[in-house]
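> Please put together the full structure from these sequences, using the hints given.
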Amino acid sequence: MHLILCSTIDPKKHTTEVTYGRAEFLYMVVVRGLHVDMASFIYQFVYAEALKIDAQISLPYGVLLTQFLHNLMVPEGADELRALPLGSINKTTLSKSMAQTRRVLGAARVARARREDPGQGSSQGLEGQRSWVASMMTELTEQMRAVMQPTDEMVGNISSRLSALELKVVSMDTELKKQVSEVQLALKSVATNAELVALTEWVVLLEEHMSVVRAVLHLSVD
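Residue numbers are given in the numbering used here: position 100 of the sequence shown equals residue 100, and the series is strictly consecutive.
Hints are computed from structural coordinates only; laboratory data are not their basis. Where a beta carbon is used, it is the ideal one built from N, C-alpha and C, also for glycine. Just to be clear, a hint being listed does not mean it is correct.
[Claimed, not checked] Straight-line distance between alpha carbons at most 20 angstroms, and here's what the computed SDA-like set of lysine to any residue pairs gives:
{"hint": "1", "residue 1": "K177", "residue 2": "L167"}
{"hint": "2", "residue 1": "K177", "residue 2": "Q149"}
{"hint": "3", "residue 1": "K178", "residue 2": "E201"}
[To be verified] With beta-carbon atoms standing in for the labels, derived distance ranges:
{"hint": "4", "residue 1": "V212", "residue 2": "V183", "range": "31 to 41 angstroms"}
{"hint": "5", "residue 1": "L167", "residue 2": "H209", "range": "26 to 36 angstroms"}
{"hint": "6", "residue 1": "V155", "residue 2": "G33", "range": "51 to 61 angstroms"}
{"hint": "7", "residue 1": "V170", "residue 2": "V203", "range": "13 to 23 angstroms"}
{"hint": "8", "residue 1": "S160", "residue 2": "V212", "range": "33 to 43 angstroms"}
{"hint": "9", "residue 1": "Q143", "residue 2": "G21", "range": "43 to 53 angstroms"}
{"hint": "10", "residue 1": "L34", "residue 2": "E142", "range": "48 to 58 angstroms"}
So this is what it looks like as structure tokens:
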């Protein structure tokens, strides 16, 4: 591994079995024991491979990197500048051919024209994303309305029943008050002790029942 990492050794003898990138990764993980962010490592690896591909056939790598960034929740803005793909470089001469240079320059002119025209380029993709988000929100709203509508109807029915029950209990409380008043008037005209005891027990029961009703409905004593 030390020989592979040495820059004085001919790279051609050490790039077939273990590349420099793999050796660097093994060195960081095994030798130095560093924590490697695999998502960033994969992105950088794919990005490096994409730079080696010709501009005309680098679409699969671009799509892969775009999907990778979307999965990582990285936003893509309309004003975001995109780096031009580098053409394939001769590993021996470290130079490009004239045809490759012309293709790169042509791509640069197209990218410059798109940046100058705000109606073209990435703004179209942004509008597509906005319309997709709007349709998803509309669908989600309809689904939530379909789920919540039966619940709202049930709650409204229960509320109306509780209101009717409250009115009925209030009327019962008023009737009980009338009965208590009648009993109290009857107590004043009672002559025998037996009748007085019976009427007293009746009044006590009525008072207990009324206190329970008031406690349930939170009514005042008046």
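> 33 to 43 angstroms was suggested as the range; check whether the CB atoms of S160 and V212 agree with it.
This hint is violated: roughly 24 angstroms between Cβ atoms.
> Are the Cα atoms of K177 and L167 separated by 20 angstroms or less?
holds, 15 angstroms
> Starting from K177, check that the Cα of Q149 is at most 20 angstroms away, please.
Violated. K177 to Q149 sits at ~42 angstroms, over the 20 angstroms cutoff.
> Go ahead and decide if the range 51 to 61 angstroms is satisfied by the Cβ distance of V155 to G33.
With a Cβ separation near 60 angstroms, V155 and G33 satisfy 51 to 61 angstroms, so the hint holds.
> Range first: 31 to 41 angstroms. Now tell me if the beta carbons of V212 and V183 are that far apart.
Violated - the Cβ-Cβ distance for V212 and V183, about 18 angstroms, lies outside 31 to 41 angstroms.
> May I ask you to test the hint 26 to 36 angstroms on the CB atoms belonging to L167 and H209?
violated, 18 angstroms
> Check whether the Cα positions of K178 and E201 lie no farther apart than 20 angstroms.
Satisfied, since the Cα-Cα distance of roughly 17 angstroms is no more than 20 angstroms.
> Take the C-beta atom of V170 and the C-beta atom of V203, compute their distance, and say whether it sits inside 13 to 23 angstroms.
holds, 21 angstroms
> With 43 to 53 angstroms as the target window, see if Q143 and G21 comply at their CB atoms.
Hint holds: Cβ distance 47 angstroms, inside 43 to 53 angstroms.
> Could you say whether the range 48 to 58 angstroms given as a hint is met by the Cβ separation of L34 and E142?
holds, 50 angstroms
Violated hints, listed in ascending order, are 2, 4, 5 and 8; each of the other numbered hints is respected by the structure.
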